[in-house]
Every structure is written in C-alpha cells, then in structure tokens.
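Q: Letter by letter, the chains look like this.
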Amino acid sequence: MNTPTSTQAAASGSDIPRARISRSFWHSVARRLSRDPVTIACTTVLLVIALVAVFAPVIAPYDPYKTSILVRLAPMGHPDHLLGTDELGRDLLTRLIYGARTSLFMGFAPILLATLIGGTLGIVAGYAGGATNMIIMRTIDVFYAFPSVLLAVAISGVLGAGIFNSLVSLTLVFIPSLARVGESVTTQVRNQDFVVAARATGASDWQIIRGHVLSNVVGPVMIYASSLVSVAIVLASGLSFLGLGIVPPEAEWGSMLSTLRPAIYIAPMNAILPGIMIFVTSMCANLISDGLRTAMDVKV
Amino acid sequence: MQISPLKQTLPSAETPLVTVEDLRVRFRSRDFNVPVVNGVSFSLGKGEVLCLLGESGSGKSVTMRALMRLFPSTAVVSGKINVDGHDILGLSRSKLRAIRGAVVSMIFQEPMTSLDPVFTIGSQIAESVMFHEGASRRQAELRALELLELVQVPSAKRRLIAYPHELSGGLRQRAMIALALACRPKLLLADEPTTALDATVQIQILLLLRELQHELGMATIFVTHDLGVACEVADRVAVMYAGRFVEQGSITQVMDNPSHPYTQGLLRSTVHEGVRGVRLETIPGSPPDLAELPAGCSFAPRCGFVRPDCTMAVPHDATVGQGHSARCVLVG
Amino acid sequence: MNATTGNTEADRKAGLEQPILAAENLKKYFPLGGSFFRSQTAYVKGVDDVSFDVRKGETLGIVGESGCGKSTTARVLIRLLTPDSGVVRINGKVVGAPDGISVRDMRRRVQMVFQDSYASLNPRLTIEDSVTFGLRANGVPKKAALEKAHEILGLVGLEPDLFAQRYSHEISGGQRQRVNIARALALSPEVVILDEAVSALDKSVEAQVLNLLQDLKQSLDLTYVFISHDLNVVQYVSDRVMVMYLGKSIEIGPVEDIYARPLHPYTRGLLASRLPMDPRRRVQSAPVTGDPPNPVNPPSGCRFRTRCAWAEHVCAQREPQLTEARGAHRVACHAHIPGSGHSGPAKWEGVDAD
Chain A
2 MNTPTSTQAA
12 ASGSDIPRAR
22 ISRSFWHSVA
32 RRLSRDPVTI
42 ACTTVLLVIA
52 LVAVFAPVIA
62 PYDPYKTSIL
72 VRLAPMGHPD
82 HLLGTDELGR
92 DLLTRLIYGA
102 RTSLFMGFAP
112 ILLATLIGGT
122 LGIVAGYAGG
132 ATNMIIMRTI
142 DVFYAFPSVL
152 LAVAISGVLG
162 AGIFNSLVSL
172 TLVFIPSLAR
182 VGESVTTQVR
192 NQDFVVAARA
202 TGASDWQIIR
212 GHVLSNVVGP
222 VMIYASSLVS
232 VAIVLASGLS
242 FLGLGIVPPE
252 AEWGSMLSTL
262 RPAIYIAPMN
272 AILPGIMIFV
282 TSMCANLISD
292 GLRTAMDVKV
Chain B
3 MQISPLKQTL
13 PSAETPLVTV
23 EDLRVRFRSR
33 DFNVPVVNGV
43 SFSLGKGEVL
53 CLLGESGSGK
63 SVTMRALMRL
73 FPSTAVVSGK
83 INVDGHDILG
93 LSRSKLRAIR
103 GAVVSMIFQE
113 PMTSLDPVFT
123 IGSQIAESVM
133 FHEGASRRQA
143 ELRALELLEL
153 VQVPSAKRRL
163 IAYPHELSGG
173 LRQRAMIALA
183 LACRPKLLLA
193 DEPTTALDAT
203 VQIQILLLLR
213 ELQHELGMAT
223 IFVTHDLGVA
233 CEVADRVAVM
243 YAGRFVEQGS
253 ITQVMDNPSH
263 PYTQGLLRST
273 VHEGVRGVRL
283 ETIPGSPPDL
293 AELPAGCSFA
303 PRCGFVRPDC
313 TMAVPHDATV
323 GQGHSARCVL
333 VG
Chain C
27 MNATTGNTEA
37 DRKAGLEQPI
47 LAAENLKKYF
57 PLGGSFFRSQ
67 TAYVKGVDDV
77 SFDVRKGETL
87 GIVGESGCGK
97 STTARVLIRL
107 LTPDSGVVRI
117 NGKVVGAPDG
127 ISVRDMRRRV
137 QMVFQDSYAS
147 LNPRLTIEDS
157 VTFGLRANGV
167 PKKAALEKAH
177 EILGLVGLEP
187 DLFAQRYSHE
197 ISGGQRQRVN
207 IARALALSPE
217 VVILDEAVSA
227 LDKSVEAQVL
237 NLLQDLKQSL
247 DLTYVFISHD
257 LNVVQYVSDR
267 VMVMYLGKSI
277 EIGPVEDIYA
287 RPLHPYTRGL
297 LASRLPMDPR
307 RRVQSAPVTG
317 DPPNPVNPPS
327 GCRFRTRCAW
337 AEHVCAQREP
347 QLTEARGAHR
357 VACHAHIPGS
367 GHSGPAKWEG
377 VDAD
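Residue numbers (our numbering), protein chains in the order written: chain A, 2 to 301; chain B, 3 to 334; chain C, 27 to 380.
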C-alpha cells in the first residue's frame, strides 16, 4: 500500500495493522456477531420460536384442528385456553404453535432455494460476462419489472393454493433480486487483481470460482438474502390471507389473521395475536440481517 | 526564481501563521484503537513551505488535514491548532466552513476527488469565489478565467466550460490548484499533489506550485513521501515516523546532515542514479504496527544504533544546529 | 509479421542466442463505445506494433508514462489479453499456435507480479492458500503443494511458521508483495513479469524488495521483464531498457546506452524530468511541456511530435520505425534516421556530459 493511498487508508483506519492472532473472515464475523446484544437477543427469539415449532406436537396443549362450538372466541386468560380460542373454538396457542411451522418454513425455505438458484445464476452471469451475462440478466430483468407482491399473487393465482405452490411462487419472486446481487458482486470480484493473478497461474474457471470468487461473493449475497427473510414471511402470510397460500384448516399465521379478521371488534386481542407473531418474527429476522451486515462490514 | 528561496529558518519576530501544540490523534472504533499522531508541535511563518515527509502510516496526512479539521468520524483529537488567529479545533461548524477555502485550502493527489464531475471547471471556481467573497456571478467568472490563466492552463477561456473528465491529468491538477487558490488562501495544504502524475507532468506542476507560492506568498504544507519532491519545494522539512516528528530542519540541513537514523536510512535506501550494480542499503524490518508501538523510540526495533536507553522513553527533540533538531538519543 | 523481423528471427534461430521470450508486432486495440450495435469506430491503440525480445537471464526494463501501453504489453505477454495481431514466442515456440506452446503451458513458464499487493491477494485466503492455489490448480497434490509453498515463503524472507497461516490484511505492504512474489514463483517459472511491482511500496521497503528480486534472480536463474514508471529503479535493475510512448516502442537498447546517451527526444525529456534530490540544484524549467495526448486520437506520424522541440514537417507525415542507431541501440525518431528528410537532432547538453 503506497503513500498515495495511505492517506485515505489511514483515515479510514484500514491500513492499520490489527490483531496479532490470525483470524479468518468468518471467524471474525462470528466473533463480532457474538458480541452484538441485539443479534443475540433476536437469534434467541427466533430459535425459541423454531424449537417450539419443531416440537409442536409435544408442546401444544390441544389438537390444532379440534373445534368447539361452545368456546368460540374465548378471551385471553380463559381457564382452559391460555391465549383464548378462534372463531371455531380452536385453541389459539396451539394454532399459533402449529402456525409457526408453516410460517417459518415459508420464510426461510423460499429464500434458501432462491439464494441457491439466483446466486448461481448471478455468479455464472457475472463471471462469464458477455453474451451469457446478457441472456441471463435480461431474462431476469423481465421478472424484475413486476412488483414482488404482484408477481407472487400472479404466480400463486396460476398455480393455485397450497404449501408447495406458495413455495414455488415465492422462490420465483426472490430469484431475480438475488441473482442481481450475485451478479454485481461477482463482476466486481472478477476484475480484482487476485482473480487475474489466479487466471495467470493457468487455473480453470471452475477452480477460480471455487477458490476465489465464492468466498468473496457468499458474504454479500448472504446479507441480502437474510434481509429478505422477513419479506418472505410477510409475503407468505399475505398470500394465505388472500387465500392463495395455505388452505384452511391448516394453521398458518397469515391465514389465521385472515379468518380472525371479522372478529376484530368482538375479540380484538385474539385477532391481533397472529399479526404480532408475524411482526416479531420478521422484525427479528431483519435485525439479525442488520447485525450480519455490520459484522461483515470490515475492510479486511 | 534564479536562486531558489531557501529562506531563513530563524524563528521570526512576527507571530507565526500556524501554531500546532501537542497534536494527538487516535482512531477509535469497535475494532481498533490506534494512535496515529502522537504529539506533534510546530509553527509555520507566513509564506513558508514546510514538507511533511514520511511513509504510509507515519501520520503525515492526518497531521496536515488536522489544520482544516478534516478527520474521519472515528478520530479522537487533542492538542491546540491555531491558524491565522483561529482556534481550529474549537471553531463552530459554520465558522469552520467559512475558513475552509478562504484561509486554508487544500489540493489533493487525485483531482477527481475534489472536483465535482457534474459542473464545469469555471462554474466550480466561480461558485467558490461567490461563496467566500460574496462576489457577483459576473465578477466571479472573470476571476475564474484569471485563475486558470494564473495556473497556466492553455486556452483558458475554452477550458472554463469544460467538465473535469474532459481534461487530461495535468490540466485537471492545474484546475484543482486554481480552485484551491480561488479565494487567496493564506495557507495551502498539498497532499501528495504530484504523486499520481507522470514524471514529465510532475515536474511542470512542481514548478507551477513553486512559482505560485513565491508570487502569492502563501504558507504551504506539503505532504510527500518523495525526497526528490521535498528537495524541489520545501523550505523546511519535518520527517515523520509513527506519528512523531523525528527530525526537522531546513531542507538543506536535513539533506546535508541527516541526523536521525531513520532519515539517514531513508536517504540511503532511495534508489538514485549511480547505485547500479551496488546492493541497496535498506532499513530492515517493516513500518511499525501503530496499535502496538514499542515503548520509547518507535524506530528502535529497526535501528542499527539502538542502545538500552532508546526503549526507556521517547527521546526528546535534541538540537542539531540552528533550527535543526532530531528525536534521537545519539544527538546532543 | 513483416519481413525484417522475420529475417532477424531466422538469424537468431540459426545462432545460439534464442530469446526466451519474444514479442513480434504485438497489437492490442481497445474499442470504444457501443459493443451492442457495433457502431464504434474509435479505438485506443493500447499496444501498437511492438516487437522486442528478452534473452535468458537478463532483465528487460520497460518504461513509460501512464497510458503508454506498458501494462497492456505485460497482459498480452501472459495472455490475460488476447493480442489483435502479432505473436509471442517462448523459446521460439508460438504461444497458442497448434504447433507451438499452449497458453496453459506458457503460464507455467511465465508468471506475473502485480502492482497492488493488496488487491492481488484474496482477503479470504491464508497466505499459504494463496501461494498453493496455482500449484493445486496445476494438479500438484495438497501435501507437496504445501511443502513447496513453505519453501518459497522461506525463500522470499517470510518465515512459514510465522506467516503461512496469516491473512493478507494482517501483514505489511512489503510482506504482502513478498507473498505475491512467492505466488508467482510457486510454479517455478522461467520468466517473471514485474508490473510496477515495487511502485506502491514505501521507499525503505522498496529497497528490500529490489534486493530480494536480485537475489531470487541469481539463485533461481530467472529472467525478468520489469515494468515501471520509476526511471531510477529501472536503471538499477535492467540490463536493457525499452521506452514506450502512446502504445509505441520508441527506443530500446542497453541500459548504460539509454541512460547515458538517450537518442529519442522523449527519452531525453523523461530522463531530464527525474528530480535531482538536491535542494541547491532545483529544476528550473520543465524538460517536456504539456500532457501526453489522448491515446484515442494519437497525432499522425510520430506520436511525440506535438510535444517535441525537434518536430519538423516529416514528423507529421510519416511514422518513424525503430531503426538501429548504435549497435543494439535502436530508436524510432526521424532525426536519427539518415535520409528521412529530417535535418537531424539538435545539440543537447544533458546526460551526454557525463
């Protein structure tokens, strides 16, 4: 690093030699995350929700589908139903616990799939450049032209309701933006001297992508993907709310919100509960994403 | 210009334009806490040219930028800086803005960082004149033309309406100098302004700066890592290492009689004509890790003359000759 | 390929002295503007008909200012850029030709060190991984690659125990450049292209790395192509020097000759632009005025004529060709070419004096 650049570098503190112990990038990211109280708290909340979802049959006090005409819309704190019941007299706590399964799944699974597919497309487009890039990116631009909500609704509308179909439509919705991020980061990395140097050693494209490109692209793509989890949760709930996602009587926060809607004046707390869950979960996902971004924002 | 102005370095009776007392700067954030300037004091007379000479991480640039209070947000600053009667570190933001450009102005290594790409050269200079001097647009534009002629831009009239990217590197540098001089600053800060230029253009810009400095009589602080550049422009030099002045004196004193082992090493390891076939003398080791500076003299771990007392305390500034001093236990 | 170089090439093949690396009439033009509609007509002539050769064990210095094509030349040599025309030969074999040497094989024999020590190391890899990458990519088993990497790290002065597991941001600029050198040497190349390899280093570190490069050249029997804008450094390391201006090779010859008796007015101006490092002997006037012209539309004829004090009518008319002036010293300037129609060089009191 030369004196010319040193001035700026010194000002940003990046040419200052740091820690004596060698630490890989992921190591230091993990260390930073572990010191961030907000991220820790949010992760704990999400983990608790996830655990509850996994062990739903064990934890849930009732059968989620068991209706009761007698205790419809029981208020919170009812002796038999801690959080009350819904419009068909099903235990709300149980429904929320089972709903966590679908809602969390719909938050994470489409993002995971879209990251894999979109990220790969992006890396291929970014690394190959030229005509390949143009074909991939212009195709993606077509999808990009529609607002994500509209796109999800349209695809689900065509495919019909159901978990699998929602998964497909949400995945398709998120592929374009993830491919874009993947492409732009890859294009940057590809032009770095270390990639040029790797090409000069006679390494194949695949070797270069595996050895040099992936390690630098995964971070930014992951940050972006994590910020989409909350969007996916809300979007999945939205689809269910519109009747395009999960089919009743399946428990899902969005569809619960939808079916409880008419009860908002009679039992407001009951109606709001699924909304609160959606809010808390997506909020936590967002805050974790922010934490991840800050933790990775190191000029190493 | 015939006899280059190797001015008197005696402290003159008049009050100096710039006084810096015990300036300390550290950068502190979540990940690091590093001292970058560790107690720098100096004064600069009107019309004097001081070169801060040092390598990357020596703190030369931070020291210079301190005179304009240009710090990154992580900086923690202490000390006193007085420029032309203004207490720079204590000024209000609005007052500071009025001083930047009018009393102190700065030129950079890369002109594109200080020139706005979406405005023409002429309008940028005029804007600055209008802001600081309250001139009318018409007057300001005339002044812009004058300035471009002053910095010897050929066909200046045509260049007034050019955008920065339309100019070559050398012309851009000239335009930036014109912008910096727009409001007749008393102090010019130059941050490696010729480092990015080609050799044939570098010499032209150095000559221009020397000429302008002479004509306009402004004090200049010139940051560079290049001894050759310092020899061309400086009245006085301060050699910086790990955030301290390790040696200061007139350029001739320092070049003739380098007294700090670091300065000596720097002079010896610079590749020049006539070293062909000879193994280069080097300063062993690497520049210091600022986060873990050794106790005492920061140069001690790389120094060939190290003694036990070097690591006891930071050596004081010992006098070598009149106006020439070095922070080394071997001196005095 | 024109007749003259063909002949000299044949002559050399006949003799013992076959250049280890030879560039013949290399051209690399960069199109400007729309790639989609194919309507561009403007080109930047990055490298325009450049020929030179490098003999085994020597250091060829390439000097010139930014935009003169020296870095492009390096990239064409190692085929990071494909030349538009012209060939590169390794030991007489044409790179990329069916009966020559493959690009992959060439890269095992020619390696490159870049200017920016930081950008040329992957921040996510340890130093040892950076050095072994090329070996692994060329099929060397992991264990052997590691051993080789450690050996070379030792060779460039980085104790493997201390440095192998570190990351590039944890070491100093000089150490990083040593890693880059180690990476280039890992494949045991014969030729190393050093593209401004010491330019970004602090002066005190630059000297260390220059010494290291000299030592490595000796012990590993290397050949260097040393590209730099720093005239003093080029003088220090080179055996022969090529001067480039706007994509053209304008003067080439033994280093003593070029520095003591430069012929081309640009070379003279460039050499005179070196700062004397003496506050009592400051430069009083600029040896060359103006900026290098825009490479998109270079001047007709001789490209230096717009800044040249000797420019005459003929200089705008015809492009001067590299012509032998004094033995191995060749120059592309009408003033030095008898019968060119130029009245000859002006008297010049410069480096001649010594």
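Everything labelled a hint here was simulated from the structure, so no lab data went into it. None of these values were measured; they are calculated from a predicted model. It is possible that part of the hints are untrue.
Claimed, not checked - Short, incomplete list of chain C residues facing chain B, as computed with Cβ under 7 Å: (1) Glu91; (2) Val120; (3) Gln347; (4) Ala351.
Claimed, not checked - So these bits of chain C aren't anywhere near chain A, every CB distance computed over 10 Å: (5) Gln137; (6) Ala145; (7) Pro149; (8) Lys169; (9) Ala170; (10) Tyr193; (11) Asn237; (12) Lys243; (13) Asp265; (14) Pro280; (15) Thr332; (16) Trp336.
Every residue gets a Cβ at the ideal spot worked out from N, C-alpha and C, and that includes glycine.
Q: Each hint should be assessed against the structure and marked as holding or not.
A: Outcome of the hint check:
1. Glu91: 4 Å, holds
2. Val120: This interface hint is violated because 34 Å lies over the 7 Å limit.
3. Gln347: The hint is violated - Gln347/C has no Cβ within 7 Å of chain B, the shortest such distance being about 24 Å.
4. Ala351: 22 Å, violated
5. Gln137: 7 Å, violated
6. Ala145: 4 Å, violated
7. Pro149: Pro149/C not clear of chain A: closest Cβ-Cβ about 5 Å, inside 10 Å.
8. Lys169: 18 Å, holds
9. Ala170: 16 Å, holds
10. Tyr193: 6 Å, violated
11. Asn237: 19 Å, holds
12. Lys243: Check passes; 19 Å lies beyond 10 Å.
13. Asp265: 24 Å, holds
14. Pro280: 29 Å, holds
15. Thr332: Holds, because the least Cβ-Cβ distance between Thr332/C and chain A comes to about 28 Å, which exceeds 10 Å.
16. Trp336: Given a closest Cβ separation of 34 Å, the condition holds.
Checked against the numbered hints listed earlier, the structure breaks hints 2, 3, 4, 5, 6, 7, 10; every other hint is satisfied.
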